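Protein chains in written order, with the numbering used here: chain E, 1 to 306; chain D, 1 to 399; chain Y, 1 to 248; chain S, 1 to 341.
Please keep in mind that the hints were generated in silico from the structure rather than gathered at the bench.
If you're wondering where the values come from, they're calculated on a predicted model, not measured in any experiment.
Cβ atoms here follow ideal geometry from the backbone N, Cα and C, with glycine treated the same way.
Don't take each hint at face value.
Heads up, incomplete: computed chain S residues facing chain Y, CB under 7 Å, no partners named [as the list claims (entries may be wrong)]:
1) Leu10
2) Asn204
3) Ala205
4) Ala210
Just so you have them, the derived chain S footprint on chain D, three or more residues with Cβ under 8 Å [unchecked claim]:
5) 80 to 94
6) 120 to 129
7) 138 to 149
8) 183 to 194
Short, incomplete list of chain S residues facing chain Y, as computed with Cβ under 8 Å [as the list claims (entries may be wrong)]:
9) Pro41
10) Ser203
11) Gly212
12) Ser214
Now for the letters of each chain:
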Amino acid sequence: MTSTIILEQTFNGLQAGVTLFLVAAGLTLILGIMDFVFLAHGAQVMIGAYFAAAITAASGNFYLGILLAIPLTFASGYVLEFLVIRHLYRRDHMEQVLATFGLILFFNELIRIGFGPAALYSDLPPSLSGFVEILPDTPYPAYRLGVIGVGLACALAIHLFVSRTRIGAMVRAGANNPEMTAALGVNIRILFRLIFAAGACFAGVAGMLLGPLTAVQPGMGEPLLILSLVVIIIGGIGSVRGAFIAAIIVGLADTLGRVFLPGLLRLVFDQATADGAGPALASMLVYILMAVVLIFRPTGLFPAKG
Amino acid sequence: MLEINWGVKMKKIMVAAVVLAAIGVGVYLLINEQKKEVVRVGYMTTLSGGAGIIGKQMQNAVQLALEHKGGRLGGMEAEVIFVDDQRKPDVATQLANRLVKSDRVDVVAGIIWSNVLMAVIKPITRSDTLLIGSNAGPSPIAGEQCHENFFSMSWQNDQTPEAMGKHMQDAGVKSVYLMAPNYQAGKDMLSGFKRYFKGEIAGEVYTKLGQSDFQAELSSLRAAAPETTMVFQPGGMGINFVKQWKQSGLDQVSKLYQVFSVDAVSLPALKDAALGILGTQSWSPDLDNDINRKFVADYKTKHGNYPSFYAAQAYDTILAIDHAIATSGSKDTDQMRAVLAKGNIPTTRGLLKMNSNHFPVQNFYLRDTVKDADGVVTTKVLSTVFADHADSYAANCKF
Amino acid sequence: MSKAVLELQNLHKSFGALQATRDLSFCVNAGEIHALIGPNGAGKTTLIQQIYGALKPDTGTVLLNGRDITGLSVADRVQAGIGRSFQISNVLMDFTVLENAIIAEQARLRQSFRFLHPAFDDPDLQTGAHKILNRVGLDDRAAARASDLAHGERRMLELALALATRPDLLLLDEPMAGAGQQESQRMSQIINDLRGTVAILLIEHDMDAVFRLADRITVLVEGAVIANGTADQISHDAAVRAAYLGSE
Amino acid sequence: MGGLSSVIKLACDGMRDNRLLWALIAGFALFPIYTHFADLPFWNDVAMRIMLLGMAAMGLNLVLGYGGMVSFGHAAFVGIGAYCVAISQVYGISNGWLHLAFAIVACGVAGLVIGYLALRTSGIYFIMITLAFAQMLFFLFVSLEAYGGDDGMSIDRAEFGIIDLYAPLRLYFLIWACLAIVAMVLMFIVRSRFGVTLRAVKSNASRVEAMGLSPLRFKITGYVISAVICGIAGGLFASWQEYVSPDIMHWTRSGELMIIIILGGLGTLAGPLLGAIAFLLLEEFLPVLLGSLAPAYAENWMILFGPLLIMVVLFGRGGLSGMIGRWYAARNAAGKGADRR
């Protein structure tokens with residue numbers, strides 16, 4: 001366990017964290033402002049990845065794929081909100097869970113019919129397939145550094161948007177007290193639609209960035225969905241800042257836990273026990289983290305509601 | 001006002017639903033219509049959901065086998081009922097009951113997953129129906145919990161990694177770094193590997209089931225810099241792993257071996273990334289025998305891509321049923337069982353021998369990943385690691 | 001001088017810099033109607049919350065019938081004898097008026113944790129519930145859903161529920177708020193009828209009502225008591241005029 | 001308020017007010033006769049699975065529908081119940097009554113702990129923390145090698161004294177009996193003083209508090225009861241399937257239970273059972289249906305199922321039992337719905 005490996009793993013955790021944040025950023029606002037339990041957010045990740053992968057495959061240009069996929073995912077989110085979601089705001093959480101559960105099934109099946117059940121081919125853009133020396137003789141994949149960069153950039157953009165712009169002010173007000181915002185005569189319906197589309201878009205970006213790294217296949221978003229929900233809860237529903245910090249925490253905890261827990265346990269228990277318990281504990285880690293946070297801070301670390 | 005409108009709409013929807021359901025029932029009963037002197041095969045696989053691709057390939061292969069046999073098995077009019085277990089054990093149990101009790105099939109075949117097999121084996125074998133597995137081979141079924149009515153046309157889980165272990169042992173590999181998902185099959189695989197590889201285990205890492213990003217594990221692997229690495233990451237996980245392995249340039253650090261992680265299912269998504277990765281398998285598209293040549297050629301012309309080992313095993317499953325009926329001249333369970341137990345079943349893997357626990361005794365090959373004449377990435381046999389390899393649980397199996 | 005039902009001793013509560021309650025002491029006597037008035041932001045509701053138990057004072061003690069209840073939870077205080085109506089009427093919207101009363105009645109009888117005994121169909125509970133409703137004249141609306149009640153009726157129901165637990169002290173937080181002419185008259189009539197049966201601490205903005213009803217009045221300004229006495233005394237109190245009535 | 005007679009009278013009143021529920025349960029009792037003469041023995045298995053899922057859904061419905069606690073992790077309790085049966089078999093205990101006892105105790109304890117911790121939160125936070133606990137248990141069992149891990153364990157049907165569960169229909173009627181008992185118990189609870197207070201808590205906790213009651217006590221009690229019921233269902237599920245694996249505590253299973261409840265009618269006694277019937281029939285027929293319309297897409301039946309769920313939410317006010325209630329009310333202007341509370 002040299003310091004370089006720890007550093008490298010920290011980068012990995014960071015990369016996982018920012019990716020999570022991209023998914024969680026929109027979702028936390030959807031949950032916070034619209035008080036809407038949206039389980040199909042993972043589908044947005046998948047949709048983004050498929051748009052990008054398909055266009056990239058067709059055009060042969062990765063960046064073109066991303067460039068075109070972003071507005072497409074935004075549009076898809078906008079349309080989805082208009083067709084289905086807006087009819088669900090006033091329903092209780094259970095019905096929302098049910099309906100968006102239905103959406104998951106629908107989207108996965110749609111993709112499966114449209115692109116076939118097999119995973120899509122996607123690979124790194126040649127320009128980013130190299131390595132960067134983050135420390136002498138510790139090469140790190142350039143693309144993943146790129147992901148971290150893009151993620152942080154998005155985070156900054158979202159932060160500035162929410163904290164500096166007028167719409168951002170509405171968003172904050174909305175997260176703080178929806179009724180109040182409505183009373184202020186803000187056109188809630190448009191605001192909601194935009195937030196939703198933007199959220200879908202960011203989730204899509206996460207998918208596009210993951211595309212070259214992981215298998216682009218139906219249902220690829222679900223694991224991310226559950227994790228990003230954990231992030232949102234830990235961070236406090238409706239708080240973008242909370243989502244960011246929590247995303248980094250979860251990303252690091254998950255990564256470092258997976259890698260170092262078995263080793264640590266071996267110091268305490270015998271080999272067999274450690275090998276059994278280590279991975280199990282590692283896969284439970286984030287949920288334990290969330291449960292603990294909720295037990296001591298029942299509304300997350302940075303509750304947005306006033 | 002609006003309420004009433006919804007009410008009306010609702011009624012319409014409901015009526016529609018009822019009518020559709022009625023049609024459904026009709027169709028359903030139609031399917032269950034009994035016919036005379038027909039051999040009925042229930043083929044269970046996973047068609048919906050994430051693993052649908054595997055099920056699709058098996059379905060294609062089964063249909064191809066029927067075509068090759070002119071729609072008859074052992075001379076009898078054949079009817080195959082495909083059912084989708086959704087990869088859910090309880091759904092599978094219910095479907096199994098339907099196949100044996102309602103469709104009254106003579107043979108149940110297929111099944112991809114160990115847990116699904118574990119769930120359905122009892123109700124099927126108890127009803128004195130043959131169950132012929134096309135893929136999963138968990139150790140309990142090969143050992144204590146074996147049943148005379150169950151036959152495997154694939155392998156016992158441990159065998160393929162055993163072959164890999166043997167090869168690496170013979171190749172003089174000093175140390176290996178092992179990686180598999182943290183679930184039963186993963187653990188079986190590694191224990192099977194270790195049964196034949198006696199060198200040093202530089203590391204043994206269990207990843208999260210269904211994990212999509214292995215960067216963290218790969219980083220620690222880079223740090224450990226083992227001589228070789230042996231992974232078991234089936235399905236989508238395999239695609240992710242191999243991709244990320246290449247992207248992190250680990251080929252310069254360690255030599256990668258795999259089982260069940262690179263196959264015709266994942267290759268289209270991996271393409272060149274998979275080139276040169278060694279694996280072991282009991283089948284390969286280039287196995288040189290008439291049945292296999294015909295199967296692979298026709299499958300490619302019909303579906304445009306290479307069949308996977310799943311497909312080959314599904315194809316062999318149908319051949320086995322055909323063989324059993326043809327030889328015994330009957331679809332009676334006892335007689336078919338007797339024939340299959342004798343072995344010498346003509347398959348894409350040549351004449352397949354049967355072990356006392358009704359698992360095949362077969363060759364295991366070392367496969368390389370190469371480009372074929374038309375530049376399509378596929379696998380090619382390099383050498384035979386095991387000749388007539390039997391699994392190590394047969395001893396515990398008493399019918 | 002009749003004995004005190006509620007006695008507040010040196011209550012102090014502050015939110016950060018804001019001192020909502022400053023070293024506050026007074027008592028409510030058995031059977032009297034005691035009004036608590038003061039300009040907005042004087043800390044009336046904060047005080048009620050501390051008596052009710054929803055807020056804990058930083059220092060000081062709350063005595064009910066001489067017993068220290070400062071540490072008790074809301075539920076325990078209610079069982080100890082405090083009833084309350086809220087600023088925004090607070091009833092069980094999904095139930096009928098009668099069902100509301102029945103649930104309150106079985107709560108009073110400490111029978112809410114029984115798994116076999118029927119609730120709504122039980123004759124004894126029903127009679128008890130009807131009694132409760134009669135006190136506020138809602139019996140004729142027994143079958144109506146609480147959500148269908150008119151604002152005033154809902155107020156009545158809430159009062160009935162507050163009385164159902166047979167409290168010694170009744171906290172009424174602006175019972176007339178948002179009520180129409182007759183409604184508030186009916187309300188003050190009922191409150192008046194309650195005089196002597198239960199001690200009432202009344203917060204109300206409608207000054208006429210207050211001076212008509214209250215036996216004693218405590219005037220609160222910026223969290224501290226500035227005057228305390230009968231309606232007469234208060235209306236002639238210079239400090240009060242200055243600090244409060246003047247500002248009206 | 002004592003005496004068997006009065007209890008029986010209460011039961012009769014309850015059954016009169018819940019005709020739909022008891023009609024369904026009676027239907028399940030007679031169903032095997034139909035399957036026997038129609039020669040569709042397989043449908044007994046479907047019926048068993050319906051009853052088991054229905055039972056679990058009934059348990060969840062107590063917190064979901066009556067307590068207003070949206071628990072997204074109840075599949076975990078079904079799983080615990082099932083593993084109680086499997087694990088006790090590993091240690092040579094084959095007595096079914098013991099299994100059920102273990103399941104009840106284990107789920108009671110688990111429900112108490114999880115409920116106590118989770119109920120500190122509310123709203124979406126509660127949904128997520130229950131999900132979190134379920135996920136923990138899921139991954140725990142996936143990595144428990146001794147108990148089959150992800151492959152699960154193949155087990156034998158439990159032994160219930162003289163009742164041999166391998167003999168035809170024994171298991172069916174054992175499940176049926178448990179279903180009837182659970183339904184009866186729930187009916188009493190829902191109509192009891194506890195039950196109405198629980199519903200009052202859902203409706204307005206602060207008013208209940210103002211009545212001198214602690215809402216949390218009622219919530220936790222309700223949560224534990226529902227956990228225990230799910231555990232019983234899980235235990236029987238294990239015997240039905242002769243197999244146990246972590247799959248039954250996957251988060252999508254919790255989702256399915258919710259679907260079943262809302263499909264059938266939230267906060268009604270018959271709802272969960274109706275929902276289970278609808279859910280499994282859909283699962284059974286949608287593929288056939290789609291197959292007959294577009295054979296190539298038979299395995300894509302979820303493309304119909306997903307939108308169907310959304311439809312139910314958008315238009316199916318009160319789920320199936322709600323519709324039946326409305327229809328019933330419309331039929332006899334007398335007005336009392338067939339299956340309210």
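Each hint tested on the structure:
1. The criterion of a C-beta within 7 Å of any C-beta in chain Y is met by leucine 10(S), whose closest approach is roughly 6 Å, and the hint holds.
2. Annotation: interface hint on asparagine 204(S) holds; nearest CB of chain Y at approximately 5 Å, less than 7 Å.
3. Of the supplied interface hints, the one on alanine 205(S) is violated, with its beta-carbon coming no nearer than about 10 Å to a beta-carbon of chain Y, more than 7 Å.
4. Nearest Cβ of chain Y to the Cβ of alanine 210(S): about 5 Å, under the 7 Å cut. The hint holds.
5. Residue count for the region 80 to 94 of chain D with a Cβ under 8 Å from a Cβ of chain S: 7. That meets the three needed, and the coverage hint holds.
6. With 3 residues bearing a CB less than 8 Å from a CB of chain S, the region 120 to 129 of chain D meets the requirement of three and the coverage assertion stands.
7. Given a C-beta distance limit of less than 8 Å, the hint that chain S covers the region 138 to 149 of chain D holds, as 3 residues qualify and 3 suffice.
8. Closer than 8 Å: that is the beta-carbon criterion, and the region 183 to 194 of chain D has 4 residues meeting it against chain S, so the requirement of 3 holds.
9. At a threshold of 8 Å, the smallest CB-CB gap from proline 41(S) to chain Y is about 39 Å, leaving the interface hint violated.
10. About 4 Å separates the beta-carbon of serine 203(S) from the nearest beta-carbon of chain Y, less than 8 Å, and the hint is met.
11. Residue-level restraint check for glycine 212(S) holds (minimum Cβ-Cβ distance to chain Y is 4 Å; threshold 8 Å).
12. At about 5 Å, the closest approach between the beta carbon of serine 214(S) and any beta carbon in chain Y falls short of 8 Å, and the interface hint on this residue holds.
Hint violations for this structure: numbers 3, 9, all remaining hints satisfied.
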